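Just need the whole structure built from these sequences, with the hints factored in.
Protein chains in written order, with this note's numbering: chain C, 1 to 261; chain Y, 1001 to 1220; chain Z, 2001 to 2220; chain B, 3001 to 3218; chain W, 4001 to 4218.
Hints should not be assumed to be uniformly reliable.
If you want a taste of the chain C side facing chain B, the calculated C-beta under 10 Å gives, among others [what the hints assert, rightly or not]:
(1) 158
(2) 159
(3) 160
(4) 161
(5) 162
(6) 165
(7) 242
To be clear about the criterion: a stretch of chain Z counts as covered by chain C if any three or more of its residues have a C-beta under 8 Å from a C-beta of chain C, and this derived list gives those stretches [what the hints assert, rightly or not]:
(8) 2100-2106
(9) 2114-2122
It should be emphasised that the hints constitute simulated quantities derived from the structure, not laboratory data. Given the structure is predicted, the values throughout are model-derived calculations rather than measurements. Cβ coordinates follow ideal geometry from the N, Cα and C atoms, glycine included.
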Amino acid sequence: MSGRITSSLKQLWHKLGSPRWFYEITHNWVRFFGVSALLLLTVGFIWGIAFAPADYQQGNSFRIMYVHVPAAMVGQSLYLGMGVAGFVGLVWRMKLADVAIAATLPLGIGLTALALFSGSVWGRPTWGSWWEWDGRTVSTLVLLFLYLGIYALREAIADSNLRARAAALVSLVGTVNIPVIKYSVDWWNTLHQPASFSLTEKPAMPPEMWLPLLVMALGFYCFAAHNVLSRMRLEVLRREGKTRWVNELFAAPAASQSTER
Amino acid sequence: MKGLLQRELVATLRTRGSVINPLGFLLLSILLFAIADPGVRDEQSKDLSSVFWVLILLTNMLSLDAMFRRDFDSGALEQMLISAHMPFVAILARIFVHWLGSGLLITLFVPLLGLLLGLRPEMFLPIMLVLLVGTPALSLLGSIGAALTVGFSRGGAILALLILPLFLPVLIFGNASVAAVVSGQAYTAPLVWLALCSSVALTLAPWATWAALKISVEMQ
Amino acid sequence: MKGLLQRELVATLRTRGSVINPLGFLLLSILLFAIADPGVRDEQSKDLSSVFWVLILLTNMLSLDAMFRRDFDSGALEQMLISAHMPFVAILARIFVHWLGSGLLITLFVPLLGLLLGLRPEMFLPIMLVLLVGTPALSLLGSIGAALTVGFSRGGAILALLILPLFLPVLIFGNASVAAVVSGQAYTAPLVWLALCSSVALTLAPWATWAALKISVEMQ
Amino acid sequence: MLDNPPSQTYNADQAAAHDNEPLLRTSTLVCQRDHQDLFEPLDLTVMPGDCLELLGPNGSGKSTLLRTLAGLHSQFSGEYKSVGLVYQGHRLGLDELLSPLENLAWFSGLQDQALDRSEALRLLARLGLLEQAHTPCQRLSAGQQRRAAIARWLMAPQSLWLLDEPFNALDVQSQQLLNELLSEHCAGGGAVICATHLILQVAEKTTVQLQPQSGSDL
Amino acid sequence: MLDNPPSQTYNADQAAAHDNEPLLRTSTLVCQRDHQDLFEPLDLTVMPGDCLELLGPNGSGKSTLLRTLAGLHSQFSGEYKSVGLVYQGHRLGLDELLSPLENLAWFSGLQDQALDRSEALRLLARLGLLEQAHTPCQRLSAGQQRRAAIARWLMAPQSLWLLDEPFNALDVQSQQLLNELLSEHCAGGGAVICATHLILQVAEKTTVQLQPQSGSDL
Ligand code: HEM
Ligand SMILES: Nc1ncnc2c1ncn2[C@@H]1O[C@H](COP(=O)(O)OP(=O)(O)OP(=O)(O)O)[C@@H](O)[C@H]1O
Ligand SMILES: Nc1ncnc2c1ncn2[C@@H]1O[C@H](COP(=O)(O)OP(=O)(O)OP(=O)(O)O)[C@@H](O)[C@H]1O
Ligand SMILES: [Mg+2]
Ligand SMILES: [Mg+2]
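Written as structure tokens, this is what we have:
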């Protein structure tokens, strides 16, 4: 009985692992996320820029929040996702895991950089300086470095499956390290100088301020899902290029084109 | 185990350079700072202590790159992974020796450094304690990065990029404890955290290093 | 000459890690400092500038060890010394590429670093000028030490010990000029001295490096 | 295999105990480099006493095969099962800062045994390294370093040797000596897989010829 | 010699010009290691067309002699005079990050000439490296790397070759090929000094046997 369960679980697992299954299943997901991202982002953006009331003390500069916060959130979540992928890749040697890491890296770097940038742009009017050394800023900066480190490592290794293992290992180690960093940084921050501007006590926002933020956050998540998934699909095609199912996939259209010519 | 440690020590001593030099490097860069801003010793020693820790981190990193490289180039690393009865014991031995040459050495020379930095003598013992507790984490975590980058001919800098984030917590707690010592407050809390870092590193790092070494060895 | 530069560049780019990483290291250590004493940006930026230069020195050193090691291990260095039509041209090419990857790169990223360190934007250009004039000396002088220590398997730290004294003048004048820039005084005098350092290094270093390489090669 | 070296060494001792089970067995083993098959599928069975001579032009995959069997190369299809083994690659695997004797001590330390010093010296003497027993390997000539490496196999408890062109840099006498050593090892219930471009001078040996697939250099 | 490599190369060209002057002459040359003489004093005269086969047991000082002649070892007594030369040590001297072609380009860059690309490709083809011409050397097999190194000698303008065990790691065909190449080189007015443990298959060669002094290992 239990044997059957475990075996069926195994089968499911292998299915999950198989690039082909992934390619077919995600076909619709990509569309879904893409469309909803488009909707949410446009709605949230217009709402946030045009209709949300100006902040009574920060004026309009606070609208940067609608980019800044979601970017920071998604940037962090993506790294956690990479950590999970790394774990899977190390333990089960699942090829898809590396595809996921490869697809996540650029977006993660981009969004984290965006969070940093928007943050410092925001800091100019509010803090009066582009940059303050503060718990969140530091942990974000370190996050960016973790991303860059993995990126550099992947760049430096030629052999594909070694690259996969190395990247998996590092992202796993990094993920274990992230909570420590976050905690220690906050701890350090409270221990030392009182932050010139504390992010933790958020301005009590009226709903018409944070609702668009919520929409934007959702939109960013959908966009991330769309982006990562579609790039994973491309990568899968590239790697499985020689296999039969890919050739079958492209046999028909290729044939029709050739007949047209 | 004994045979392994012995070999490590002999090899380290053969390249005499490697023993005195982390220390020499530390001294020189402290010198650099003193030169770079002469005011340093007049200000309250808080910033001093911080410079101190950063320099220890950098010193540690400078010596990290050599941790496995020679064995990698000579093929001894393959032999270790293939025929080691318990590879991670061999790895631990290597890490331990690295710590002897970097962390422990620096700890022992704290009084000298302290004099250079103008710390008050009664601070020496607590600071030595802090270093004794904190530096193992550096060698342990560092070994992971060293193992990952030993395959690259120009690993030095990529190593730094991978390692420094791992060092961050150690820096923060270590620095906090030193700062507490200097300002005469209780430094047990950060010290405990530091010990935690080291022990966690001790339990995880050797395995990660082992995995990393296997990857590097397969690179040729 | 062209062939040589080409080879250097190709080889450097093959180990892609090596390009972005000196920079990453610099950023990270600035981060370390900021964490180690958060007060840094509140104090007048004089100390800042010094930290800045010391870090550049250290960054430079981290990447120095790899300058000749690969060629030494592979025996390409012997070939260079034996059959080079003008060995010091080959050496200069190597040094130049090293500078591209360290000094020049850092110079280009001064604005970013400046933001992190809270320097005023109008200081960026002068500082970049200072770095542009000063950093070649680092790569040039560094190459001597790299050439001398390439024979040792754990040269990293001994290299540091040899090099730092050579770097002192650069540090002093460079630091002086940056300090002058920051405090808004005329910085031509130290800048001229810096230029002098670089040009002297340019005339002498390649030959010294060549001699050092011959010594190292004879070691086996 | 690398995943649990301890079990390896245990197997080795067992295998040494009763001779009827194979030390190494491969089924349809094909090594890849850059996702390209290197040679036709291999089905080997190495019993105690066997001496395999692994021939093939440059680039035919000898080294890769040996690395795979040693667990140093994971890009392969098919299966293999092996007991603990001694691997000698193109690179010698000696710490050049240590003397031959110290190297031997280190290797026995790895398999946590104490070095049998007199035994080690006897071996070095036989290999003509007695004088160099205490000089760091970096100060030995190419051939002398090779011999130091040979001493390592002879000390090792494992009974299966994977050797990659062990005759390189050896002078004529030493080549002869090595042939004798291989014969002795096989006679003593050990087994050898030796990639080489010379012809082994061993009494009974089986020859495996690796044919490079299309897409290799010859 | 290292002190003025330029003059070397000039000499080389002159020497190639008129064949009557020796490419290399040593008088009572003895190399030392750790202040110990390695072999009996050597008096060699290498004329264009000569092929010297340098034999001797491990540790007899072949490599040291070659390094000395190449100017890489200064611990010797006696004298020698030589034109510009090609040296091939135990280590290949290829940049493993660069492809064989790029390596050739680098070497011709060293002697500041532009690489004759078609010529280089022709050589690599003859050495069976055409497919690997663009793969970084670290991804080549031991023998393939050797061949890349051989291509370097063939490209070099110098007419005197010092080769240290060039047959290592070469497969049978390549060994044959190398013998032919050496013969051709000598026939073309070049000269070769080749330390080896095999026997050169070259038409007319002179054999120099290094006898290790007492105090060496055999
Ligand atoms: C470079 C500078 C900055 C960085 C790196 C940064 C980073 C971050 C991070 C990592 C978060 C957490 C997102 C999450 O909840 O997961 C965050 C949230 C936030 N940041 Fe920033 N920030 C910066 C500057 C600023 C500035 C100048 C302001 C406003 C004056 C600001 C306001 C906020 C707010 C309101 C949130 C959302 C509240 C919360 O989630 O705690 N940030 N930022
Ligand atoms: N590190 C590597 N990365 C990628 N490909 C490699 C690597 N090493 C070797 N190869 C390729 O794999 C093939 C087999 O190489 P291998 O070293 O196993 O051959 P070999 O039989 O040992 O040759 P040799 O007799 O020269 O040692 C060669 O075509 C080579 O180009
Ligand atoms: N780097 C070194 N430092 C000190 N002594 C050395 C060094 N290299 C070699 N020797 C010693 O010099 C002697 C000659 O070494 P050399 O390498 O010239 O011999 P060889 O004829 O090349 O031997 P092989 O045939 O093994 O290459 C040997 O006894 C060796 O011990
Ligand atoms: Mg091989
Ligand atoms: Mg030799």
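State the violated hints by number, sorted upward, taking the hints as numbered earlier in the document.
Number 8 - this is the single hint that the structure violates.
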